[in-house]
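Enquirer: Chain by chain, the residues:
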Amino acid sequence: MIVALENVSKTFANGTTALSGMSLTVGAGEFISLLGPSGCGKSTALRILAGLTSASAGTIRWAEDGVDHRAELGFVFQEPTLMPWATAFDNVWLPLRLKGVSRAAAEPRIRQVLDMVGLGDFHASFPRELSGGMKMRVSIARALVTKPKLLLMDEPFAALDEITRFKLNNDLLRLQAAEGFTVVFVTHSVFESVYLSSRIVVMAARPGRVVAEIAVDEPRPRSEAFRTSAAYADSCRVVSHALHGAIGADDHL
Amino acid sequence: MATPPKPGFDHQRWIIPLALFIVVIALWEIWVRVAQIPHYILPTPSRVAATLIADWPVLFSSLLVTLSTTLQGLALALIGGVGLAILFTQSRLIENALYPYAVILQVTPVIAIAPLLLIYMPQPAAVLTCAWLVAFFPILTNTTQGLKSADHNLQDLFDLYGASGWQKLWHLKLKAALPYFLTGLKIGGVLSLIGAVVAEIAAGSAGAGSGLAYRIVESQYRLNIARLFAALTLLSVTGIVLFLFLSWFSNRLLASWHESAREREV
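The listed protein sequences correspond, in order, to chains W and V. The opening position of the first sequence corresponds to residue 1 in my numbering, with each subsequent residue numbered one higher. The opening position of the second sequence corresponds to residue 1 in my numbering, with each subsequent residue numbered one higher.
Just so you know, the hints here were simulated from the structure itself, not pulled from any lab data. In this text, all values refer to a predicted model and were calculated from it rather than measured experimentally. Only true hints are included.
Quick list of in silico lysine to any residue cross-link-like pairs, SDA-like style, CA-CA up to 25 angstroms: (1) Lys147/W x Lys168/V; (2) Lys99/W x Ile86/V; (3) Lys99/W x Leu169/V; (4) Lys175/V x Trp85/W; (5) Lys168/V x Asp68/W; (6) Lys175/V x Ala86/W; (7) Lys99/W x Lys175/V; (8) Lys168/V x Ala106/W; (9) Lys168/V x Glu107/W; (10) Lys148/V x Arg128/W; (11) Lys168/V x His69/W; (12) Lys99/W x Gln167/V; (13) Lys148/V x Thr53/W; (14) Lys99/W x Asp68/W; (15) Lys168/V x Thr53/W; (16) Lys149/W x Gln155/V; (17) Lys168/V x Arg128/W; (18) Lys168/V x Ser54/W; (19) Lys168/V x Arg109/W.
Bound conformation, chain V alone:
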């Protein structure tokens, strides 16, 4: 088994990926220069970096648009996913009625739904709906699973002490569901970004939009490949930061009690 991460600075964990990154970037730079590849085919990393700085105002305002869509989509997915999960555990009838449709919404690729949504809805609403669609399902399924996973003996204990349905939900099921919910949140957060980007690309192909993915489509049309790479870099960094933040948040909430958030002594 791999050595679990230790607190503090772990050289293996940070230095090696970082070194690999520097080596790959350096090889890319050298290869493009030596082979004299035109920048509208493949720009050098230094040109991408320069573009990132030069185009920062336009890229940053686009990033804010995409980020805002992502976070709004995630927020709506949280409300919808957790709300529906609670309804599911309180009523078998509602679960049986709605769950198949939640699955259908999830298995239909969002890239295929996005053009339709863009016909029926204003462009920002359509993009937001796509972000919500993909983030919603992992939060729903994980939270539902978590709400059902509360220890049976503890449920008996709550019955013994005459707990009401709401007391059971609040003091037992929601707490037991927290680790599952946080897993759903981590997946949903990253998926929400992907949903927003997919919808923006669909919208961008239709000549509308202002998000970061639209900048990518636009740059591709204009053969401004350096700016395309710069926008892509920003998207990746956004995804990474989002994931790291959600992981940190999750560990913080579970630190005092859950096995997954603990360092193992070896």
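Chain W on its own, in the form it takes in the complex:
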């Protein structure tokens, strides 16, 4: 176990209940997707895990006490969220730089992660010179540069075209196999969640809550062949069914 949410709720100042009584245990090496319609609290749950927002009720339990858990986290936003004034190299340096690591000392690791995401030739490029997919790769490299145990991703590929998204899906699975981190991945795509996840947490809105947990037992690492397999189609059907059950109860959509 890396971290567990126990009966966690979040109510905003305006009275909206974003998340109600969510429990989730994140085990080491898992790839968990939080899947649901907008307003189901999936991003809120991610931000609570990251410590970017506090829970109104409930507990967050980490495997180890007394350490700075944020040091073990990586976060990838829906937008690449790069500093436009800095090169790919300097953007990836940022997390280490904030911890006081010099450019020279950080360089081997920065080169390594940029190579891992396939941007070995783009160290000196500014974000505006990169495509949407490449910017997202820089963002992932930046999250991985600190060797996080837990990678939190908030709909990272939602704004990308399908071809780029499939490619990044495969790269993410490959990176996870190589680096051994755990992922909590927020998405609204059934297909993406089934392809990537070892476990899918289906959520519903108003109030945001967990309605189902579905394991995807297909062995990892997975490849493109999985996308066209019967097992994939079966899992998609099960997950879609659970998701539509959750949405069906909501008249506001």
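Given the structure of chain W, go ahead and fit chain V onto it with the hints provided.
Expert: Coordinates of chain V only, in the frame set by chain W:
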């Protein structure tokens, strides 16, 4: 939409305004000669040019006085404007306490404040204060806006990695504020010249001063209208050069990353 400027020599952009300028000057010259307008009412452009050359030593030394006031005013406005903007973003209390006064200073016309300042301060200090007053506000407001405009997700990222307030300011907010600050600098630079000129005119009316605007007041008293035009020409050129320099400086700083400094492919 208009065609964006292309690198290199753009004929449309330079030739047409230049041609218009030559035509207007030529018509002015011809009209004054034909209508036999006395030079103490309206001098010919050729007489203005001749005066500019003949009076160059006195005009140039006055220009240096005005330019020095302008640049000092701008420098003080930079320190004050950026410093206060940083204080504003670090402390809401300071912003609430001081911002209304910054606005009051700005909305009160400097031409109305200048005579008062000339009573309470030595003349150079009063002129400098006026230049500072008008240059200060655009730098303050633009920089404050810029410091607050840093991407929220990036701010979250800095929090996630445990960045200190100063790290956030240095690595994120000041960088994000740069395009806004440079806009303030461009406006403030030109306004500083105007502030200096306004204060010099107020001082000149009181019979003191040595700047270019004082030369204008003095020339008007002496009906030396050609010299007035010559001084005015120098002031305009100074303003244009100042603006072009600040624009160039701004583009240089932003060239590598900001949209505003990029050429668009069409």
